[in-house]
Amino acid sequence: MSRYDAMFERARERREGVFGGFLMLGDPDRARSDLLLDALVEGGADMVELGIPFSDPIADGPVIEAAANRALAAGIRTADCFAMIADFRARHPEIPVGILTYANLVSARGREAFARELAAAGADSLLVADVPLFEAGPYLSAARDAGIAPVLIAAGNAPDERLREIARRGGGYTYCLARAGVTGEREGIDLDHGPMLALLKAAGAPPPILGFGSRRKRRPAGRVARFRRPNEGGDAARLTPIQRPRAAEDFSACTESPYRLVRRHVSSY
Amino acid sequence: MRQSGRFGEFGGAYVPEILMPALEQLEAAFLDAQEDEGFQAELAELLARYAGRPTPLTRCRNLGAGVTGGGAGLKDAINEALRDWTASFEQTHYLLGTVAGPHPFPLMVREYQRVIGREARAQILEYEGRLPDAAIACVGGGSNAIGLFADFIGDEEVALIGVEAAGKGLDGSDHGATLLRGSRGILHGAETYVLQDGDGQVSDSWSVSAGLDYPAVGPEHAHLKDSGRAEYVGVEDAAALDAFAQLARHEGIICAFESAHALAHALAVAEAAEDEPVLLVNLSGRGDKDVAQAQKLLGLSA
Ligand SMILES: Cc1ncc(COP(=O)(O)O)c(C=O)c1O
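Residue numbers (numbering that gives the first Met the number 0), protein chains in the order written: chain A, 0 to 268; chain B, 0 to 301.
It is worth saying that the hints were derived from the structure and are not from the lab.
These numbers were taken from a predicted model, which means no experiment stands behind them.
Distance windows between CB atoms, simulated: (1) B:D225 to A:A89: 41 to 49 Å; (2) B:A27 to A:P61: 28 to 36 Å; (3) B:L299 to A:A82: 53 to 61 Å; (4) B:D203 to A:R14: 50 to 58 Å; (5) B:E36 to A:G136: 36 to 44 Å; (6) B:Y111 to A:G136: 24 to 32 Å.
Just so it is clear, CB atoms sit at the ideal spot from N, CA and C, and this is done for glycine as well.
Between the sequences and the hints, there should be enough to build the whole structure, so can you do that?
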């Protein structure tokens, strides 16, 4: 069973949703990034989503762009990211690791080689932010051939037929946009997810994960908890920590309570 | 999408999924407008009565050769525009002034720019009684060049020459010569040539002209280069400035720094030629915006 399947299974047994955190690999440097990754797990993340920094992240807002720039300024290269993923995997054998990056980094290495290196490092999924379903074919097959789940993005404005195809062709989980716009810029969740989640479920999509950012350092999950009560069609959440913690302890302290809170308040899929 | 948006292996639409409906809507509106006789008639009327087209071809005899002439970085501006659009697409149109970007922009901008080549072709046939030996234009994103080239692509005897910014020299990193020094990649929605390192991190470009200071290029140029139909060369800042000054001195025409790159290459071709070639150069813009900088760079006082 894949790590994602095992995670969703555990959540079903607990009758809870799952909660993940996003961090940019190598931000602010390799050593501190390792500490922050561990803090994410200690804080209670069920899964982690890790960015490989790109110079021109058009799908990201200023917070994640700044994180990518710090990592690049610290000299972090794609190969360092693969090494960090492998180290993380050695420390945390069970937690699902999703990778989020941009098409140019994947194509520079070659899609197949990139996916194989990710798999060798122990990652579970790959989401390429600027590859929509329209261009996804070769990315999907490269990932699947390497044993990596290709995560697709479901946007609330997509026509039903496209959502069904996303459901059919995506793997690992289905990344559902919480709202329009780049990452981390505004609070809140303003797309209407009910119909989309119902359609994805009926089409047999991989479990939905709701992606959003929050400005607040403490208790950023309150809004999510209020937004979605259990059994409303069921979804889970991905938390983008907006405030960069200064130290690993700081980070643990700020994520622990929201992680538990969200887990209890979102239903399992 | 009704079309693939590909020029050979280049192009496509690499954007976040949330932008696809907006691109599809735009593609549909554009393709419908292409077929819409009423729209085309109105456009033709506006070009004639309001924009004063056709633009007359100018002969530049005084330059000695048979030359005829017809910000923060652009990269960061496009990044910001795309980011804005992912939130605002319900109320906002994204207007890209060049042939770069995701489908349908490269196609759409070409179709509205090809009036340049259409007019120039008719006029040069009238004046010279034959097609030019070469059509020469500067290439930033590539719109004025594709506009000039489009109607000559089928004329195999006409050399199509795109002039990139060689900046401070092609051997260093201070240039905007994407097709000459870049490699295949994906930037701003299209598969094309990109100035980048081995990991795919995009490099900063440089040119004395803001419009050529861009580390990617329209995907159709990538295809024209790889298919061999067009040829791309580089002109350094200093040579472009020199051509700018010559055109002003001998013809009284102040052209944009961007266009001066094309002119500089045409002058070099004319000088090297043994006979008198007919060269068609696209003066893509006026130099009003560049006069203050030219005075500084050429060491002149106002
Ligand atoms: C006068 C002029 N020419 C050329 C360019 C380069 O753009 P393109 O290659 O799309 O024609 C610019 C860009 O700003 C310009 O202002």
